[in-house]
Structures are given as structure tokens and as C-alpha cells.
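Q: Sequence:
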Amino acid sequence: MATRRLGVGETLGALNAALGPGNPVWIKETRTRHLRSRDFLAPHRALQARFDDGQVPEHLLHALACLQGPGVAPVLRCAPTPAGLSLQLQRPAVFKRVLSTVAAYASPALPALPGQRVLLHCPALRSSPCALRLSQLRTVLVADHLARALRAHGVCVRLVPAVQDPHMLTFLQQLRVDWPAASERASPHTLRSHALEELTSAHDGRTLSPGILGRLCLKELVEEQGRTAGYDPNLDNCLVTEDLLSVLAELQEALWHWPEDSHPGLAGSPDTGTDSCLVVHVVSCEEEFQQQKLDLLWRKLVDKAPLRQKHLICGPVKVAGAPGPLMTAPEYYKFRHAQVCKASALKHGGDLAQDPAWTEIFGVLSVATIKFEMLSTAPQSQLFLALADKNISTKGTKSGTFVMYNCARLATLFESYKCSMEQGLYPTFPPVSSLDFSLLHDEGEWLLLFNNILPFPDLLSQTAMLDCTAPGLHITARTEMMCKFLVQLSMDFSSYYNRVHILGEPRPHRFGQMFVRLQLLRAVREVLHTGLAMLGLPPLSHI
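The end of the sequence shown is residue 543 by UniProt numbering, with every number in the run present.
Rather than coming from a laboratory, the hints here were simulated on the basis of the structure.
Quick list of in silico lysine-lysine cross-link-like pairs, DSSO-like style, CA-CA up to 30 Å:
#1 Lys318 - Lys293
#2 Lys347 - Lys334
#3 Lys484 - Lys28
#4 Lys347 - Lys484
#5 Lys219 - Lys300
#6 Lys318 - Lys334
#7 Lys418 - Lys347
#8 Lys318 - Lys342
#9 Lys293 - Lys304
#10 Lys96 - Lys418
#11 Lys219 - Lys304
#12 Lys484 - Lys318
Cβ-Cβ distance ranges computed for the label pairs, FRET-style:
#13 Ala320 - Ala93: 48 to 58 Å
#14 His44 - Asp232: 47 to 57 Å
#15 Pro70 - Gln380: 32 to 42 Å
For each residue, glycine too, the CB sits at the ideal point set by N, CA and C.
Take the sequences, apply the hints, and build the full model.
A: Written out as C-alpha cells, the structure reads:
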């Protein structure tokens, strides 16, 4: 029988439940100086609100010290301190439980709802790449990352629009954005007929410009949705065009006809296309007003328009140090790519940009720099881009380049072990069940496991959370969490790796500690690779 993996959420839940009814009081420690003496803390002030004078009854202290349950980490001790109630885990046992099942900690903690489906709509992809603004690029990267996070969580995702422009497809491939292509546009014939019926009374006989069918009043529909829905009160008339109907036709087609491999039992069934599907429009704040018109027009013209339409609005992008007044997305990519090549030339010498072996590496580093810049800020917030060279240095701890550099360091470490083993300097890696995890006692080792590996399944679940039940038009997403996590993981690993010599001299009495450390870093590598995959970034073996 498989042992359930340990979880931070399960442990916190059990700790709070052990104290009886009331608000949660326990917190997980994250700072190194606190983790030297405790792993969880119930602050004294929180305990005072729960118990007289903040004194926890003895029987509850005993229950906490003996705490057990599915996913609950084993407790070593629980004792009152001036800061509150401090609890420390049985660290060797936690190391063993986690590092014996590394793959389990690189997948989401919570399963998706059966048959859950999300249609992600990114209007910016209907333009050509040369017209793509940085605020629109941000929506593309947010939508791509969100789609990956949802799919990793088991959600069926459909991406719209399917891209027709071959130049846009090429640019998306450069950015390592996984988006579908289309050879032709959906036919708006049915929608056109319905629209003309609605527009009859509004048309006053004047000649309309080519491509314009007329105007449609949306005021009544806005009032039906209510003020709390979040629609702009200035929405009144909508100019209905052939292009607008083509957009609606594609959305409706995508909603009704899912690919055969999208989810068992759902493909191609029109009945699954409305109430059960969440539609999320990922748009920049500059495009929000126009997208609200499209949302309402869809409801007005289609009887089975989706009831659950949400708008994920990305904040503006402000640029400092841009070479021109308005930088387009391709210009931004070229600018960062040139900086990456320059930094690598300074580090390694020579013009590596002309070396085919480095071409893909430079491409990955450029995209990593861009994605970490664009995604490390919550999508709803304003984003400031500083285009200075320091932002692409491997020494700067906040950049995507720094994360990829540490990914390469991990690859080099395991390659060095493999070469030494083949030369007979080290034995083959023993079974994990035979490792002595009590040999992991460096504070950096616990930091890597407790702050990074153990919470990672919960993080994966949080990045895929979309609160579609909340009232109103808008929805938020936590797409910044993965970048911030990977940066912190890289910082913790870098600090540990710079201080601790993993592959020591080939002496038998040191092999035990070397192997448990390698097993810990295997878990770090697994988590790092999984996180990078959520961003569409491949691991690098060298930089």
C-alpha cells in the first residue's frame, strides 16, 4: 500500500484541529534563524485569544506531541516558548518520507474536478507580432503559463484564437509559447443572420461602411447583469462588424467542439459547451472595454452563450531604458537576446553567438529572462521593466538567467558524479531505502526540503486556482508564484552549493553522506525541472 505524501497544508490543518474549535493559529516558519529551533509556531498573541493567559492545557500539548494523520509530518517535540508554542518535526523521518518518493512531490497536491474545462481566450494573438505591444505580450505569457498550470492539474484547456499569421507562430515558437495554429477562420454565417435580425430596428437606412453591419444597444444587457457585475457603466452601443462576428464564431466553435484528446467523453459534444465550461478572457487593461463589449455581444446574439465568462485583466507595462518611445514585443526579444549574447561573450570570451552549439542556449536564456520579468509580478498589478544589462547576469539573484544558471550547475554536478562512477572512483547509487537520512543535518539541507520540496505540490495547486464562483466579472490568477518560487529555490540551492562540497574525495566512509546529499539534490532538480516546464522552459546542461 502506498504511503500518502506529507503535506504542509495537512500538517497545519491537524495542528489547528488539535487545539479545538476556533480560528487557525499555527504558522509555518520559513526563515533560517527560526528554523534552527522550530518548524511551526503558534504565536503567543494568537494563543491568548484562544486560552486564558495563553496557557495551552497539558492534555493538548500531549496531543500535539503525538500528532498523527494522513499527510501529517511526524512531530519531535512541542513546547511553550516566549514566542508562543513551538513545534519541531522529526527531521530525519521527514527527509526519509519525502526523499524516498521524490516524484510524488513534483505533482499538484489536489486533484482537479472530473471533467473541469476552461477556455482561455487571448485576443492579443489576433494581431501581427510587429504590432504586439508589451502589455499584450504579457497577456500571452500569462495565458500560456496558466494553461500549463491548469493542464498539470488535470483540467481540460482550450486555447483561442488559433493563430493564422505564420510570423506570429514563428514568434511564439521563439518565446516557447505552446499555442494552436489554424489554416482558416470559423464561419460567422449563423451569427451574421442572427445579428441582422437584432440590428433591423436600429438601422435607419443610412449606407454603412464596408464590413460594418450596424449598431446594437447593450445598455439593457448591462443593467440585467447588475452594477455589481463590474461592467463599465459607459457601455451603451456596440458597432457590430464582420470581424467581430468572426471572433464570436471562433469562440462558439471552440466552446462546442472540443478536440478528441481533450478529455474522455467530452470531445465533440455540443451539450458540454455552455454551463459546464469556464471562459476566461486574458486581456490587457487597454483592451478591457472592448472585451466587455464582446462578452455582452456574445450573450446577446447566442442563446447558448457561456454563463460563466470571466475577465483576467493584466496591468500596464512601463519601460525604463527603452531604446525608443514604443518598444514592440519582437524588439524587446531582440534587445534581451543581444544582451544575453554580450554577457556570455564577456564571461566566456569570443563571439559565441556565431557558435551553433550556443544558439539554442542563448534562445532559452533570452526567453527565461523575458518570462521571469513578465511573470514575477502579479498579473493584475502594473509591471515595471528595467532594461539594464544587470538584469540578465547570472549573478543577479532575481533573474531568469540566475535560475537557468543553477539548473545548469545541478546538471554539471550529476554529470560529474556519473563520470566519476564510470571511472570507478565512486560506487553506483545505492537503493534509496538503504540511505541514512540522519546524515542530513546542515541547516541548508532542511531549508531546501522544508521551504521548497515539501510545499511544492501545494504551490502547483495554487497556481492553477481560478475562483470562478466569486461574483462579478473579473477573476484573478497567481501566475507570479512559480517565478518567485523558482528564484527562491535557486537562491537556497546556490547558497548551499557554494558552502557544501557534495562530491568529496572518494573515501568509503564519506559515501553515505554524499549519497543522501545527492538524493536531496535529485529532489531539488525534479522540482526545478517541473517548475521550469510550467513556464515552457527546458532545463539547461551548461551555460
